[in-house]
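Residues per chain, in single letters:
Protein chains: 2
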Amino acid sequence: MLKVPEHQVAGRQAIDGKLGPLIDNSSHFYKPLQDDDERGTGELTFYHSFSSNTRIPHHIRRFFPVFYGTQLLKASDGSGLRPHLVLQDITSDHLNPSILDIKIGSRTWYLEASNDYIQNCFHRDKTTTTVSLGFRLCGLQIYNESSFWKPERKLVRSFTADNVRSVLRMFVSSNVGPEPDFCFADSVYGGCDGILLKTWFEDQTMYHFCSCLVLLLFDKESFLKGKTPFAEVKLIDFAHVVDGNSVIDHNFLGGLCSFIKFVSQVLADSKGSTMED
Amino acid sequence: MLKVPEHQVAGRQAIDGKLGPLIDNSSHFYKPLQDDDERGTGELTFYHSFSSNTRIPHHIRRFFPVFYGTQLLKASDGSGLRPHLVLQDITSDHLNPSILDIKIGSRTWYLEASNDYIQNCFHRDKTTTTVSLGFRLCGLQIYNESSFWKPERKLVRSFTADNVRSVLRMFVSSNVGPEPDFCFADSVYGGCDGILLKTWFEDQTMYHFCSCLVLLLFDKESFLKGKTPFAEVKLIDFAHVVDGNSVIDHNFLGGLCSFIKFVSQVLADSKGSTMED
Chain G
0 MLKVPEHQVA
10 GRQAIDGKLG
20 PLIDNSSHFY
30 KPLQDDDERG
40 TGELTFYHSF
50 SSNTRIPHHI
60 RRFFPVFYGT
70 QLLKASDGSG
80 LRPHLVLQDI
90 TSDHLNPSIL
100 DIKIGSRTWY
110 LEASNDYIQN
120 CFHRDKTTTT
130 VSLGFRLCGL
140 QIYNESSFWK
150 PERKLVRSFT
160 ADNVRSVLRM
170 FVSSNVGPEP
180 DFCFADSVYG
190 GCDGILLKTW
200 FEDQTMYHFC
210 SCLVLLLFDK
220 ESFLKGKTPF
230 AEVKLIDFAH
240 VVDGNSVIDH
250 NFLGGLCSFI
260 KFVSQVLADS
270 KGSTMED
Chain V
0 MLKVPEHQVA
10 GRQAIDGKLG
20 PLIDNSSHFY
30 KPLQDDDERG
40 TGELTFYHSF
50 SSNTRIPHHI
60 RRFFPVFYGT
70 QLLKASDGSG
80 LRPHLVLQDI
90 TSDHLNPSIL
100 DIKIGSRTWY
110 LEASNDYIQN
120 CFHRDKTTTT
130 VSLGFRLCGL
140 QIYNESSFWK
150 PERKLVRSFT
160 ADNVRSVLRM
170 FVSSNVGPEP
180 DFCFADSVYG
190 GCDGILLKTW
200 FEDQTMYHFC
210 SCLVLLLFDK
220 ESFLKGKTPF
230 AEVKLIDFAH
240 VVDGNSVIDH
250 NFLGGLCSFI
260 KFVSQVLADS
270 KGSTMED
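Just so you know, the sequences run in chain order G and V.
Taking numbering that gives the first Met the number 0, the leading residue of the first sequence gets 0, the next gets one more, and so forth.
Taking numbering that gives the first Met the number 0, the leading residue of the second sequence gets 0, the next gets one more, and so forth.
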């Protein structure tokens, strides 16, 4: 049985008769192909290229959802059969995951795009934290005391740098409010995933990941029960990946480094707050 | 006696009655203050802040020209006395230096600028290599066999990624033409200046260096005579430095990493070509 993903925090949703992704009970995530994909320029093209690319190191491949091919399915908007990407459902092993979707890069447009697309992105980039921070939050849910805080898209888009800092603190705290306890900061932010990704982006010149998201997942309940994995880092949304043309993805890399710095500041604050205790 | 700098390859020049920088015989470079500076928002403000900033590591300070203060001088455009920044003349110890001026970053505008300024930069960034490579060449001169190759500004602006690669090869070769010998690649590009700068930019959140240049100087004659320094790396042009607001300069960092990758590719090619010999 297909259903609407419960823990989707950004992107098009399969609600109110609209076209969006679906999941099943076997950890599959079905993402409807856009018309672009059918012309061979979008996400499907990327997954085909990436999954057969022997130059992707094993320790980098794990940051990407597993790709199982495509399948014809009844689309969620009632328009009949449509090809869907069949991907790994990242949230399937988690009951109440906290999730951040972060769009990386200080520029979400690319030279190959249409003028209208560029102008729209340019405006959105200037009016969110994309230009100033090199990334923006696109959606989030934070689980605390048996409920989720899941702010509306419009609110998330209005976030300032200080709001982003607060969210990053709240994400790794056992409480919600002005005095975060940073309880899980070291366990969630203290790993080496950021460094591994950064090192790869300093070198790889195959793909430019325009408008791509980093999904951070943290499952507090699993962590407290000693279950692994309690945290995940995945890159998602590859509809605007373009050829790297022997140049590194300096836009993604710069944004990623800025995000890493934000996270490391939260980590440093958490250590400061522990030492004062 | 003040004179027009012989080895200036980009920026406003003090020729044809225009306002531009001057040098003396004591290694000083006099740069006329723009009206912005007099309002306290431009290059002078940066030099005051930077020179008194105790958080700049010693090994980073050496990448910046020494700042000696300001001085009232007769402006080169005949408009009378005008305050000038007094800076270190980077080229003064070199008879025939090869020079590259590289504007770092995939975005040369910044949010605090006027709409007109942003639109002009946005257009220039898209039509040069700024967006695609994360940097662009702004000017250059390459010394070879008793003469300089110093292409006109218009030609430099039209450079593609391949042109940039050719220039980076030619810069470290003893010959000019389609088959560079990469003779000096290891000596010029094999050092750790790029890594030192990159490491600092991954961490520093004090300044955002918009529209700033990296000047690379290589003095072949000094090198062949065993004289040091035969190469210099300096950051110049700080008219558009803005407050970092606790965020790293992800725009400069991304562009710098892309430039480092280009240079490392030339270095790898040079080793390949040596092994084939």
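The hints are simulated quantities; they were obtained by calculation from the structure and are not laboratory data.
No residue lacks a Cβ here, since even glycine has one placed at the ideal position from N, Cα and C.
Hints may contain errors.
[To be verified] Here are a few chain G residues that sit away from chain V, every Cβ distance over 12 Å (derived from the structure):
1) 12
2) 137
3) 260
[To be verified] Label pairs and their computed distance ranges (CB to CB):
4) G:119 with V:11: 32 to 40 Å
5) G:54 with V:110: 16 to 24 Å
6) G:149 with V:152: 21 to 29 Å
A quick look at each hint next to the structure:
The Cβ of residue 12 of chain G sits about 30 Å from the closest Cβ of chain V, beyond the 12 Å cut-off, so the non-interface label holds. Residue-level check passed: residue 137 of chain G sits 18 Å from the nearest beta carbon of chain V, beyond 12 Å. Against the 12 Å criterion, residue 260 of chain G falls within the reach of chain V, whose nearest CB is about 5 Å from its own CB. Judged by the Cβ atoms, the range 32 to 40 Å given for residue 119 of chain G and residue 11 of chain V holds: they are separated by roughly 36 Å.
Between residue 54 of chain G and residue 110 of chain V the beta carbons are some 37 Å apart, a value that contradicts the proposed interval 16 to 24 Å. In this structure, residue 149 of chain G and residue 152 of chain V break the distance hint of 21 to 29 Å, their C-beta atoms being roughly 53 Å apart.
Comparing the model with each earlier hint shows violations of hints 3, 5 and 6; every other hint is respected.
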